[in-house]
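S.K.: Whole structure, please, built from the sequences with the hints as guidance.
Spelled out from the first residue to the last, the chains are:
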Amino acid sequence: MKPDASIPQLFMERLMVGESVEDIGSKSLSQLSPEQRDARMDTLRVSNADILEMYPPVQMRVAITERQQLRRAQRQRTLWIPASGVAVATALLALMIYWNAAMELDPREMREDEYIGLKSGDPVLRVYRRLPDGQEALGDGAVVRKGETLQLLFLTGDATSLAILSLDGADAVTLHYPPDEGDSTQVTSGERVVVPYAYVLDDAPAFERFFLFFRTDGEWVDVSTVRRILEQMTFSKQRVLQVPSGLRYQELWLRKAPDITTESNAP
Amino acid sequence: MTVHVEDSYRQHGPMVLRRCRRILGNEEEAVEAMQDTFVRLLEKQHTLSADHLTGLLYRMATNVCLNRLRTRRRRPADADTERVQQIADARLPEDRLLSMFTLGRLFSRHRESTRTIAVLHLLDGMTLEEVAREVGMSVSGVRKRLAPLRQELEKLDTGESKI
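From first to last, the protein sequence lines stand for chains A and B. Residues are numbered in this note's numbering as their position in the first sequence, beginning at 1, plus a constant of 69. Counting along the second sequence from 1, when you hit position 122 you're at 104 in this note's numbering, and nothing is skipped either side.
A few of these clues could be false.
[As the list claims (entries may be wrong)] List of simulated lysine to any residue pairs, SDA-like, C-alpha gap at most 25 Å:
{"hint": "1", "chain 1": "B", "residue 1": "126", "chain 2": "A", "residue 2": "322"}
{"hint": "2", "chain 1": "A", "residue 1": "96", "chain 2": "A", "residue 2": "78"}
{"hint": "3", "chain 1": "B", "residue 1": "26", "chain 2": "A", "residue 2": "322"}
{"hint": "4", "chain 1": "B", "residue 1": "26", "chain 2": "A", "residue 2": "267"}
{"hint": "5", "chain 1": "B", "residue 1": "26", "chain 2": "A", "residue 2": "140"}
{"hint": "6", "chain 1": "B", "residue 1": "126", "chain 2": "B", "residue 2": "94"}
{"hint": "7", "chain 1": "A", "residue 1": "96", "chain 2": "B", "residue 2": "122"}
{"hint": "8", "chain 1": "A", "residue 1": "96", "chain 2": "B", "residue 2": "129"}
{"hint": "9", "chain 1": "B", "residue 1": "26", "chain 2": "B", "residue 2": "-12"}
{"hint": "10", "chain 1": "A", "residue 1": "96", "chain 2": "A", "residue 2": "114"}
{"hint": "11", "chain 1": "A", "residue 1": "215", "chain 2": "A", "residue 2": "322"}
If you're looking for bench data, these hints aren't it; they were derived computationally from the structure.
M.R.: What follows is the structure, given as structure tokens:
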């Protein structure tokens, strides 16, 4: 009989929730004697009871729900309010970013000259604007408007780690890739990646600056570090970022058209 | 699929926590990772099927934990010798694999799906066929993903690889 210690744990877990040995399809599991199988499942039953006693379902439901709300709040924008030269971060709920499913991008939109002007192997950031009948690639200096939906795509080039954030004219910093603060910034070189969520523009004035931070040295980009770098920039006063050695970046600067409604209501 | 947190936790929570304990080796972190796994499930519930939920949660928990291992990585200022010692001290092959994840060796070069495959095969002991069935790939695809990772592990064992 096969020693039961060599059975992958997942298969025993699946047995516990009622899947059959046949459904699981593991040769090693099927070679277990019924006694060995029962002994393992008894161990799991005891462990289940212990865990549910230590971490009761009601408490865990509350904890999980709170964590989910915290993650949602972290996705909302942080507004810097400059005051006497010192920026103060405020949790912002008044301005919401609506996340939509990623648009289907037509690969024919990828220009062949994407690497012109860039060092060979550098990653490339592309921003697309959703149109009623497709999408439009936006270049540096393109004009965008409140309510438009943007989709980001990047080519990883030789980068082994990267992150994409944006800074707008209201000094708000938004993380676009990876999707969450705690996610890995590791990428595989030579790949084309569509950022999972589209981005609807709000009424922040003047500009939307997209930054692709990357490294090719095997170290990885730390999201909190690059977020801090952007948050230290004040509105339109700083054009060049001060970044640590080994960290590089590219930028795409979009101009924001004035919000007509706001302008017409101005005193 | 609609996820009812309490019911899902009652049925699958212990399994997820066991998984997180195995990878993280720290109770507090494991509980947090378990909770994060269910948050991920909630966020993706409308795009998931209830079929094979156990396997899905198991893989989700694995990825959550591997990402946490990555954040344990020491700052560059720490001595390289400490890193070498950490791997050398890990006697079991699976602990050496986890040590390598902790040290970020396997993050910078491999996709999340490859790391999952590596853990299922090298840590959990699944055959290539079992891994392929679990992740929905062909056996040759799994083998191809593992090949460069195996080479890195072998280099580490022979001392060829720089830490």
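S.K.: Does each hint hold? Answer for all of them.
M.R.: Going through the hints against the structure:
1. B:126 <-> A:322: violated (40 Å)
2. A:96 <-> A:78: The given pair, whose Cα atoms are some 14 Å apart, holds under the 25 Å limit.
3. B:26 <-> A:322: violated (32 Å)
4. B:26 <-> A:267: holds (16 Å)
5. B:26 <-> A:140: holds (14 Å)
6. B:126 <-> B:94: holds (15 Å)
7. A:96 <-> B:122: At roughly 19 Å apart (the allowed maximum being 25 Å), residue 122 of chain B and residue 96 of chain A satisfy the hint.
8. A:96 <-> B:129: holds (24 Å)
9. B:26 <-> B:-12: OK: residue 26 of chain B and residue -12 of chain B at ~17 Å, within 25 Å.
10. A:96 <-> A:114: holds (23 Å)
11. A:215 <-> A:322: OK: residue 215 of chain A and residue 322 of chain A at ~15 Å, within 25 Å.
Of the numbered hints stated above, those contradicted by the structure are hints 1, 3, listed in ascending order.
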